[in-house]
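Whole structure, please, built from the sequences with the hints as guidance.
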Amino acid sequence: MATTQLERPGDRGFSARATRTLKAVPRAWKRFWRLVSLYMPKRLYARSLIIVIAPMILLQSVLAFVFMERHWQTVTQRLSQATVRDIAAIVDLVETYPNDADYANVIRIAQDRMQLKIDLLPPEPLPPPGPKPFFSILDEILSSEITHQINRPFWIDTVGNSNIIEVRIQLEGKVLRAFVRRSQAYASNTHIFLIWMVGTSLVLLMIAIPFLRNQIRPILTLAEAAESFGKGRPMPRDFRPRGADEVRRAGFAFIQMRERIERQLEQRTAMLTGVSHDLGTILTRFKLQLALTGTKADTEALGQDIDDMQSMLEGYLAFARGEAAEDAGRFNLEAYFEKLGEEATLRKRKLSTALTGDPHVHVRPHAFARLLSNIVGNSFRYAKAVEINANHGRGTLLVTIDDDGPGIPPEKREGVFKPFVRLDEARNLDASGTGLGLSIARDIARSHGGDIMLDKSPLGGLRAVIKVPA
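Read in UniProt numbering, the sequence shown has 386 at position 386, and its numbers run on one by one without any break.
Hints listed in this document are in silico derivations from the structure and should not be mistaken for laboratory results. All values reported here derive from a predicted model rather than from experimental measurement. Built from N, CA and C at the ideal position, the CB exists for glycine as well. Warning: the hint list may mix true and false statements.
Claimed, not checked - With a cut-off of at most 27 Å between alpha-carbon atoms, the simulated BS3-like pairs for lysine-lysine come out as follows:
| hint | residue 1 | residue 2 |
| --- | --- | --- |
| 1 | K384 | K412 |
| 2 | K384 | K339 |
| 3 | K418 | K467 |
| 4 | K174 | K117 |
| 5 | K456 | K339 |
| 6 | K348 | K384 |
| 7 | K456 | K412 |
| 8 | K384 | K467 |
| 9 | K350 | K339 |
| 10 | K350 | K456 |
| 11 | K467 | K42 |
| 12 | K348 | K456 |
| 13 | K350 | K467 |
| 14 | K350 | K384 |
| 15 | K384 | K456 |
| 16 | K467 | K339 |
| 17 | K467 | K456 |
| 18 | K42 | K30 |
Claimed, not checked - Cβ-Cβ distance ranges computed for the label pairs, FRET-style:
| hint | residue 1 | residue 2 | range |
| --- | --- | --- | --- |
| 19 | M56 | P26 | 24 to 32 Å |
| 20 | T269 | L38 | 43 to 51 Å |
| 21 | G274 | L220 | 38 to 46 Å |
Written out as structure tokens, the structure reads:
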């Protein structure tokens, strides 16, 4: 007959507590490593040095502890036992032959056979205990052995003379004073072990640090090349895959990826350039035929349509090209803001600009000017007042453009960056009607390694925030 064991309420409570404890361990472990990561260095070279140095320090700390705790203490204890045993023998000789007036034989035996220099002093109180040294292992072991073997009032000085230990034993009617060399009672070769330990560590570090630097340099070079390519800048001329096999493979993969992207861009640009050229030729013939035939009233509308088509073709080509072939250079924000001020005067718009930091930024000048003109041109077109604030510092350029125009609804702000998207209700974001103005602007910003974000402006209209490395 099968029986079942009933679970008691206390068991259920213990099981629940154990379950909660087990669940709390991973969370506490994650919090611990999150806290550690805040103080850990972020660069690969520093982390690699920690990986090399930390185990070395831990291993040497364990070895030093074992040596100090086992070997050093054991050797010191045995030496102290032998020294105290010699002093105890002297005490026995003094007490066995009390009639010896000057104890010359005892002093001779102690000096010749035991390497001890002893004196018998008149009866006087022992000196007060002195301060203990920082490393008090000798003081503790020697005191323990004197108490165990001699069991008389005593006083020792292990601090005064670094090479001599003074021991005083209170006897009946006299005081025995003994001078012992420190090496007789103390393992004095510890510094040799420490010197060898620290010296070998320094040698290993002198080998490991240059080796690590040589291994990490190719990774840093690859990161710089990828960052330059992401910002639209030319790859360093001296870049070539080097280092460990994995780093070389990553370098070759990056070069192949870059070449594929450049070929794709060149093919796209060449294709659209050819299409634009062919269609442009046809549109030119249309214009010529319209100029030779028909009345002005009949051809004016068709001529306007042909101009719009040609403008669209130019917009498509500019979007496909993306100014990617331009080399990086210096762009003067102050000079560009002066041109914008002249344009605002012609358009009868109110413009205010502010610049903080260095006015010269390292970008592709024509592409960046096109980016700003697309954004500011839309503000001029649909707003009366425009404010531009530029902040250049710590390798980043932040340009904020505010206007008092109709703005863009929040749910449509991300969609307007898509090609051929136009807003008919609030504001048309492309003068040519192609819907490529903001697409070209964001494409240029991202080719520099930055981006463009839209938000509501304090002026009531649209705010455009341009952030690029510069």
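Hint-by-hint comparison with the structure:
1. K384 <-> K412: holds (22 Å)
2. K384 <-> K339: Satisfied, since the Cα-Cα distance of roughly 18 Å is no more than 27 Å.
3. K418 <-> K467: Answer holds: K418 to K467 is near 19 Å, not above 27 Å.
4. K174 <-> K117: Roughly 16 Å between the alpha carbons, so the hint for K174 and K117 holds.
5. K456 <-> K339: holds (26 Å)
6. K348 <-> K384: Distance ~8 Å between K348 and K384 Cα, so the pair holds.
7. K456 <-> K412: Between K456 and K412 the Cα gap is close to 12 Å, so the pair holds against 27 Å.
8. K384 <-> K467: holds (25 Å)
9. K350 <-> K339: It holds: about 14 Å lies between the C-alpha atoms, which stays within 27 Å.
10. K350 <-> K456: holds (19 Å)
11. K467 <-> K42: Given pair K467, K42 holds - Cα atoms ~24 Å apart, limit 27 Å.
12. K348 <-> K456: holds (23 Å)
13. K350 <-> K467: holds (24 Å)
14. K350 <-> K384: holds (6 Å)
15. K384 <-> K456: Roughly 16 Å separates the two Cα atoms, so the pair holds.
16. K467 <-> K339: holds (21 Å)
17. K467 <-> K456: Holds - the C-alpha atoms of K456 and K467 are around 17 Å apart, at most 27 Å.
18. K42 <-> K30: holds (18 Å)
19. M56 <-> P26: 24 to 32 Å: holds (30 Å)
20. T269 <-> L38: 43 to 51 Å: Between T269 and L38, where Cβ atoms are some 46 Å apart, the hint holds.
21. G274 <-> L220: 38 to 46 Å: Holds, since G274 and L220 (Cβ atoms, about 42 Å apart) stay within the stated range.
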